[in-house]
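**Q** If you read the protein sequences in the order shown, they are chains A and B. Each residue of the first sequence is one higher than the last, beginning at 158 in the working numbering. Each residue of the second sequence is one higher than the last, beginning at 38 in the working numbering.
Honestly, the hints are just simulated from the structure, not real lab data. Predicted model, so just to flag it, every value in this text is computed and none were measured. Don't take every hint at face value.
Which stretches of chain A does chain B cover? Using the computed rule of at least three CB atoms under 8 Å from a CB of chain B, they are [as the list claims (entries may be wrong)]:
| hint | stretch |
| --- | --- |
| 1 | 272 to 284 |
| 2 | 340 to 351 |
| 3 | 426 to 432 |
Virtual Cβ for every residue (Gly too), placed ideally from N, Cα, C.
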Amino acid sequence: MERDLALLIPEIIILLTVVFALVAEMLRLPRIALAIIIAGLLLATVQTLPLLDVNTTVFGGTFRIDTLSVWAKLILLPATVLSLLLARAELAGTDREGTVYVLVCLVSLASVLLAGVGDTMVLVLGILLSSLGSFALVAYPRDDFATEAAMKFFVFASVTTSVMIFGLSYWFGGTGSTLLSELSRLDSSPVVAVIGLFAVIIGLGYKASLVPFHFWAPDAYEGAPVSIAAYLSVVPKIGAILAFAQIVRDLPITMAWPLIIAVIAVLSMTYGYLAALVQNNIVRLLAYSSIAQAGYFLLGIVAVGTSPLALPSLIIFSAAYAAMNLGAFAVVMVVGRTLETFKGIGRNKPALGVAMVVFLLSLVGIPPLAGFVGKFLLFGAAIEAGFTWLVVVAILNSVLSLAVYLRIVVPMYQKQHDDSSVAMSTPLISLVWVIALLLTIAIGLGAQLLFGQLNEYLTGESLHCATSLSYLS
Amino acid sequence: MNLIAVAILAPLSATLLIMLLRRFPATLALLGAAIGLVGSLELLANAYNGLSQEIILPGLPGMPLRLVATPLTALLSTLVAVVCTLVMVYAVGYMKKDREQVRFFATLLLFAAAMQTLVLAGDWILLLSAWELIGLSSYLLIGFWYRKPGVKSAAMRAFLVTRSADLGLYVAVFILITNAGSSDIASTLNTSGGPAIAAGLLLLIAAMGKSAQTPLHDWLQRAMAGPTPVSALLHSATLVAAGAILLIRTAPMLAPETLLVIGIVGGVTTVVTGLIALAESDLKRMLAASTSSQYGLMLIAVGAGVPMAALLHLIAHAAIKSSLFLGAGVFQHSRDSTMLDKLQGVGRNQPKIFFGFALAALALAGIPPLSGFFSKDAIIAATLSSDHIWILLPLALAGTLLTGGYMARALRILWLKNGTSQPVSGLAWMGTGLGGLVLLAVILGAAFPGLELLLESALNIRLTENTITRFIPEILGLSAALGGLLLGWFFPVQVLLGPILPWAKRGFVVAGGFDNLMVRPALAIAHGCEKLERLLYKGVLATGRLGLRLGKAARRNDESGIDGMIFSFVRGTVNLGGKARTLQNGLIHKELAISTIASAVILVFMFIVLLTY
Chain A
158 MERDLALLIP
168 EIIILLTVVF
178 ALVAEMLRLP
188 RIALAIIIAG
198 LLLATVQTLP
208 LLDVNTTVFG
218 GTFRIDTLSV
228 WAKLILLPAT
238 VLSLLLARAE
248 LAGTDREGTV
258 YVLVCLVSLA
268 SVLLAGVGDT
278 MVLVLGILLS
288 SLGSFALVAY
298 PRDDFATEAA
308 MKFFVFASVT
318 TSVMIFGLSY
328 WFGGTGSTLL
338 SELSRLDSSP
348 VVAVIGLFAV
358 IIGLGYKASL
368 VPFHFWAPDA
378 YEGAPVSIAA
388 YLSVVPKIGA
398 ILAFAQIVRD
408 LPITMAWPLI
418 IAVIAVLSMT
428 YGYLAALVQN
438 NIVRLLAYSS
448 IAQAGYFLLG
458 IVAVGTSPLA
468 LPSLIIFSAA
478 YAAMNLGAFA
488 VVMVVGRTLE
498 TFKGIGRNKP
508 ALGVAMVVFL
518 LSLVGIPPLA
528 GFVGKFLLFG
538 AAIEAGFTWL
548 VVVAILNSVL
558 SLAVYLRIVV
568 PMYQKQHDDS
578 SVAMSTPLIS
588 LVWVIALLLT
598 IAIGLGAQLL
608 FGQLNEYLTG
618 ESLHCATSLS
628 YLS
Chain B
38 MNLIAVAILA
48 PLSATLLIML
58 LRRFPATLAL
68 LGAAIGLVGS
78 LELLANAYNG
88 LSQEIILPGL
98 PGMPLRLVAT
108 PLTALLSTLV
118 AVVCTLVMVY
128 AVGYMKKDRE
138 QVRFFATLLL
148 FAAAMQTLVL
158 AGDWILLLSA
168 WELIGLSSYL
178 LIGFWYRKPG
188 VKSAAMRAFL
198 VTRSADLGLY
208 VAVFILITNA
218 GSSDIASTLN
228 TSGGPAIAAG
238 LLLLIAAMGK
248 SAQTPLHDWL
258 QRAMAGPTPV
268 SALLHSATLV
278 AAGAILLIRT
288 APMLAPETLL
298 VIGIVGGVTT
308 VVTGLIALAE
318 SDLKRMLAAS
328 TSSQYGLMLI
338 AVGAGVPMAA
348 LLHLIAHAAI
358 KSSLFLGAGV
368 FQHSRDSTML
378 DKLQGVGRNQ
388 PKIFFGFALA
398 ALALAGIPPL
408 SGFFSKDAII
418 AATLSSDHIW
428 ILLPLALAGT
438 LLTGGYMARA
448 LRILWLKNGT
458 SQPVSGLAWM
468 GTGLGGLVLL
478 AVILGAAFPG
488 LELLLESALN
498 IRLTENTITR
508 FIPEILGLSA
518 ALGGLLLGWF
528 FPVQVLLGPI
538 LPWAKRGFVV
548 AGGFDNLMVR
558 PALAIAHGCE
568 KLERLLYKGV
578 LATGRLGLRL
588 GKAARRNDES
598 GIDGMIFSFV
608 RGTVNLGGKA
618 RTLQNGLIHK
628 ELAISTIASA
638 VILVFMFIVL
648 LTY
């Protein structure tokens, strides 16, 4: 018991942080609440570091402390801090400001739980906790748009989550246990396994906004404050994807589940970019782009269990995605929500323009930026798993994505007739996009180091991975 | 700081500085070359004292990139640095009137840095990269005056020929690395048996391309389209030398069968290109043909199993040939042409330059006590000690004879008749560079015993075996050289070559030459690729349009209600506010329906997969 609690110290710290912050919020001290939460999250991140080479489970296998969940904390908690800074810049002075921070922190806790899920009940808990917080966050502005978006979000979540819980009951019936590690017993009863997997795909597909369960995402992002959209597009999504990875690790490979996930990956990538191609609202555009990026994540999921590259690639792409997406949203906060506002911004604010270009090119996956490294490793993992056709589709979609993101870049460097000012620019936002910019470049350049680290923790046979990496390059 | 890094990084950083500053190109170039030279000299001095240096850089996993300074590589590095520096000095004068000095010096230094990397490389991967880099920068240099007619095609030809031969290097390196399990050059040299023969022959192909050996000799003469300092540099110690250096460095690995092939290729080249040189009517092209011929002699030495002799000749030839080219450059400036007809008697207008040129020519022919005498002597001695003496010795002697012949012919044309020349600017710079190189060409012979000792003790390269006294090769070599000189001076080329003159003038083109064998197919493939690309481009455009249409359709499907919704929403807020809610509810239903249908499809798909799996 003590051992379990000791291993859960980061999560416990987050929970306590939430409680303290809530007290501060009740005393109408939002700045104190924010300070408590940021300090708590950073403390939790630091407390995660000693766990880096731990690979175990706690509470009877229901929660996993392994490379995936530990790195998820190292990525998601700092990403949450950056989102909180954005939220502070956008929402300072509004009524009930502190609740936003508390909710964000709770959703992050849920995402971290999802990344280490070892039991179907933890999965349900994580998704519900994450969803409930998200509804409230989206509805925060309390105008008609936000309310409508939150309502839509809520209906979608209710339907998909209930279907998921229903389907998971089949797994419980089949194995007699809620533990994921017992799933290998399903080898003999494939129908039960398929129904359960179907349920998981729906539940996590909604959470990670994969096609065809994505409909809520663009509306929710558009209705919510931009900082909240940035947060929702990064932290809960990565949590859901990593939960997916945790689950498929234990699935019997005979079910051919990679094929189904590959099909969903194709749908998400293609549909996401096609829809993004015709958006004029940048937030919606980025929403569709994040749907497509979720499809790229699935390339790593497909390879889980067959390729040693799969988990490192998922982790590295998560870090890359968090940095570049948060950065892009931060720039949108400064510039404005429509394509029109981006006109000439590259000339008026050169540094900001360069940063946006870097984020977008990284989203496309152009070397030497973070997005390239992540996608490169994902492609390598999928190829090793035998899904070369999927990689070809993904690369074709990357070409399509270039068109999507260039739609933002091109007006940025057009001549602008009037010298309109930017929507909002505070030192906090600048701080966030500068950090994101540095990370986007640093992850791209330092991936080799990161990759070596991950391999050491994951398999201990780093040589094998390294050779397969060099073979790919 | 590590001296290896100095030798490579000095020219490289000078390149970058020139490109960044875009001014003082000449000063920066001289500075970069000089610092590099100091580094190389220190390396050589260290090598004399038995110190060898190594830099290991992170490269591929398990295969780090290495730079090593052994006596051999340090010596080659010094050679490259010396020639580069002197050529750079000369180029300051030569390029005085050119407007694009920035581009010129930047590329020249890039080339120098790449060549330093090539000679100092301790592993195959770095060597390949440097090999590619010198290929690229030589292309840029040969094509430097790209506006002149014919220059672009000459550069392209040089690139195509050397590149197609480079394939040999790639395959050879692949064989060597997979066989030895390491990319370290030193450890791959233990390869033996079948792989060694295959790799050796493939390396020979690569060397034939770079060192312009028959039948791939044609590109070198055309490469004369570049500025003269470029020719001097490419031909002496660098680009062309890369092929011979490759064979010298891998000599311990070469099997006897491979050695014979190398010797024959070198022998045929030395005779064929020697004849071409004799028939040539353009001074620079003649010198180019002579370069091929001299490298043929070096290959004979490698084939005879004495790479040391090849190395000595390589060093002597580097100094001699760059002097000859630099002299030719001055003649070119004073008559605005390199055709021998126009250059008649130019030596009388530029007596000092001609004196240097003549000294270098005599050195090349092999007249004692000039450096060429000793190195040729070593080569002939090598053939005498070889197992294939009756094949290699006559070829080597014929090469020597021809060398004397064409050099005497050139000297005669340049000196005899009278003609008028225009004044040449920048002569001081050019004269300094030339003087330094000629001095080297004259005295280098004295340094050979020292070099032999250094390399023998440190590298265990097989030394000239003293089974036969040096007397016989000296007599043989000297008589061939003198005979060639006399023939060339007193008999016109028509008499010497007789019926094969026209053929030799065309460069002994066989079966349409390289054009038909390589260049035309390559160009045809290129045209085919262009067509394919146009087709693909159209395809991509069509896909793009299709994508846009799909996108629009997707928008209609996904958000058919959105636009209307927003309008109604605005209206709704203005009027009542109730209408929007109904609309939005309807939208969710619609979308949920889509999701449900899609998930049903997924479920069906999953079961189908399950059943068929």
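**Q** Next step is simple, just say for each hint if it's right about the structure.
**A** Evaluated hints:
Taking a C-beta to C-beta cut-off of 8 Å, the stretch 272 to 284 of chain A contributes 0 residues in contact with chain B, too few for the three needed, and the coverage statement is violated. Against chain B, the stretch 340 to 351 of chain A contributes 3 residues with a C-beta closer than 8 Å to a partner C-beta. That satisfies the three-residue criterion, and the hint holds. Only residues whose C-beta sits within less than 8 Å of a C-beta in chain B count toward coverage, and the stretch 426 to 432 of chain A has 3 of them, enough to reach three; the restraint holds.
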